[in-house]
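Protein chains: 2
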Amino acid sequence: MNANASHDSIRAVQWHGDRLHLLDQRRLPAEETWIDCTSSDDVTRAIRDLAVRGAPAIGIAAAWGVVLAAMHGENLSSAMATLRAARPTAVNLMWALDRMNGRVSEGAGAAELEREARAIQDEDLAANRHMGELGAALIEPGSHVLTHCNTGSLATAGYGTALGVIRAGVANGQIEQVYAGETRPWQQGARLTMWELVRDGIPARLIADSAASHLMKDGKIKWVIVGADRIAANGDTANKIGTYQLAIAARHHGVKFMVVAPSTTVDMATATGADIEIELRDATELLSVSGTRTVIEGADAWNPVFDVTPAELIDAIVTERGVILKPDEEQMRILFP
Amino acid sequence: MNANASHDSIRAVQWHGDRLHLLDQRRLPAEETWIDCTSSDDVTRAIRDLAVRGAPAIGIAAAWGVVLAAMHGENLSSAMATLRAARPTAVNLMWALDRMNGRVSEGAGAAELEREARAIQDEDLAANRHMGELGAALIEPGSHVLTHCNTGSLATAGYGTALGVIRAGVANGQIEQVYAGETRPWQQGARLTMWELVRDGIPARLIADSAASHLMKDGKIKWVIVGADRIAANGDTANKIGTYQLAIAARHHGVKFMVVAPSTTVDMATATGADIEIELRDATELLSVSGTRTVIEGADAWNPVFDVTPAELIDAIVTERGVILKPDEEQMRILFP
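As given, the protein sequences belong to chains R and X, one line each in that order. Read in order, the letters of the first sequence are residues 46 to 382 in the working numbering. Read in order, the letters of the second sequence are residues 46 to 382 in the working numbering.
Just to be clear, a hint being listed does not mean it is correct.
A pair counts as met if it fits within one copy or between any two copies, since identical chains are not told apart.
[Stated by the list, open to error] The list that follows gives simulated cross-link-like pairs (lysine to aspartate or glutamate, DMTMM-like), each with its CA atoms no further than 20 Å apart:
1) Lys371 <-> Glu324
2) Lys265 <-> Glu168
3) Lys265 <-> Glu374
4) Lys265 <-> Asp360
5) Lys262 <-> Glu324
These are calculated hints, taken from the structure and not from any lab test.
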């Protein structure tokens, strides 16, 4: 079917032997522009400026940044420190750099680092496909589902986390209709998720983030399915701003709530969500649209870009290691000892 | 204080003896442009095209439309029918036209109709000031509050409904900080409420609609204060899309929820919220920003612009007749027999 046919069509992070090509996600859906990264600084800039986004994709891009640094004989410690500082919330970035640093410490050369980065990328894609099957198996046939932000091919090595479950669920007939929240202020749902869903021929409708509860009221939505930027040891999950509000609305309506993320997103060193630092970004992201001021001069805004959903509002955390139902610290320790 | 000094500064609906001037709310905050209405058709167009918005302001504008029709010797029944069809959800529009029609039936001439329209406008302003005091009396000193959409001077004859309570609460020191949700897709909170609050010197911050729950988590927000487009006999309240979601989030966090609306918004002929028709608007409102397409071609959207908050999630309905705590049909009948 359509959804199956084009699963593999988008690869937003592409290695070309001596350079990294990144699909510039800031310009989608209007333009498909590729950024040519030939140094680790190019990669740092792309991560910091949000040309590449999505926790897994950021980690993969950073790994390739280390390869570029090695090829050009840069100081690897310094290159890795710069890459690490590019985005604070996504734990996958730290994980990928730790893994690359492990090989660097063993004295790996550029060719070995290239193999390591490719392994990180390939493993992410394989993890997504496996999570897609595990998550879709939880969904009853004919379901409508709601997702938030972008967790698809664009945010990962390919296929996607939450969107991977949706792709698998649509392919198997469990999911009949997908709704995507706009995801203010960056509109990842409007710009990116709808772009992926329409390209795949998946029945999808965009909604204002504020319309989610009204949508749930008629009982057709069975699951809210989202990704994660960091999962604490007790299952508390940091994700795009608005996720927590969806989890509250879902519980109120008896709608189930699924978090889909590779094990690299789990941070057992962070006890609970209270220990996760939430990135506050500039007020101007809310005060302007496409560079045009839309709010009166002198106005202030509060712009947290992530929030924490407590584990008690989550029905299932899906990782490539398996599914954790009704997550708490004890359940988490079974898969993440 | 600052907030007191400028309370009366904005009058978005102004009668000038032979013409109605309407502040074009579609162009705020970038431009303060006035629309010159010299016929009832001009007024119908302004209501339908959202140049004037807010349930009370729509009713007042329509009353002046009847005056213009009478001055020009138009067929009054036909003019009123056209005005009535301009927006379906706001019950105040129907109420104002019924009241004008009552005078028309008694054989009132243009001068008498002009007095009636002025009475409607003056009574709305007086009602708002009274509701402001009643609502503010419910709020504990030092509170932070959250509002949605625009319910201020722009949406009424002046002062505002929910924003009137906020103005009164700020003036009396009960309210220390105001947060306003953007209110997608029309951005009434971003464009209009922030415009009013900044002009009044009220401490205010804009948030993404999806950030409301994260904001409530730290316990500083004491009340969510909103307006209404229609209140059913049991207290169920139709208001801007996103209101219902805020009510669910408020209950989850122990934050109180206040609806502020003149008695003309109460429709005792509508038994419950299930009987209120929700206006669905064109998908393009979500698919484009300022006329520029932001979502992939071929994408669909679901764009309900109101939702219904059930009475059990409402702590107080404030009208100029008094306050209804924990509204239900019995409580509503005390003030609306």
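Q) Checked against the structure, which of the hints given earlier come out wrong? A) Those not satisfied are hints 1, 2, 3.
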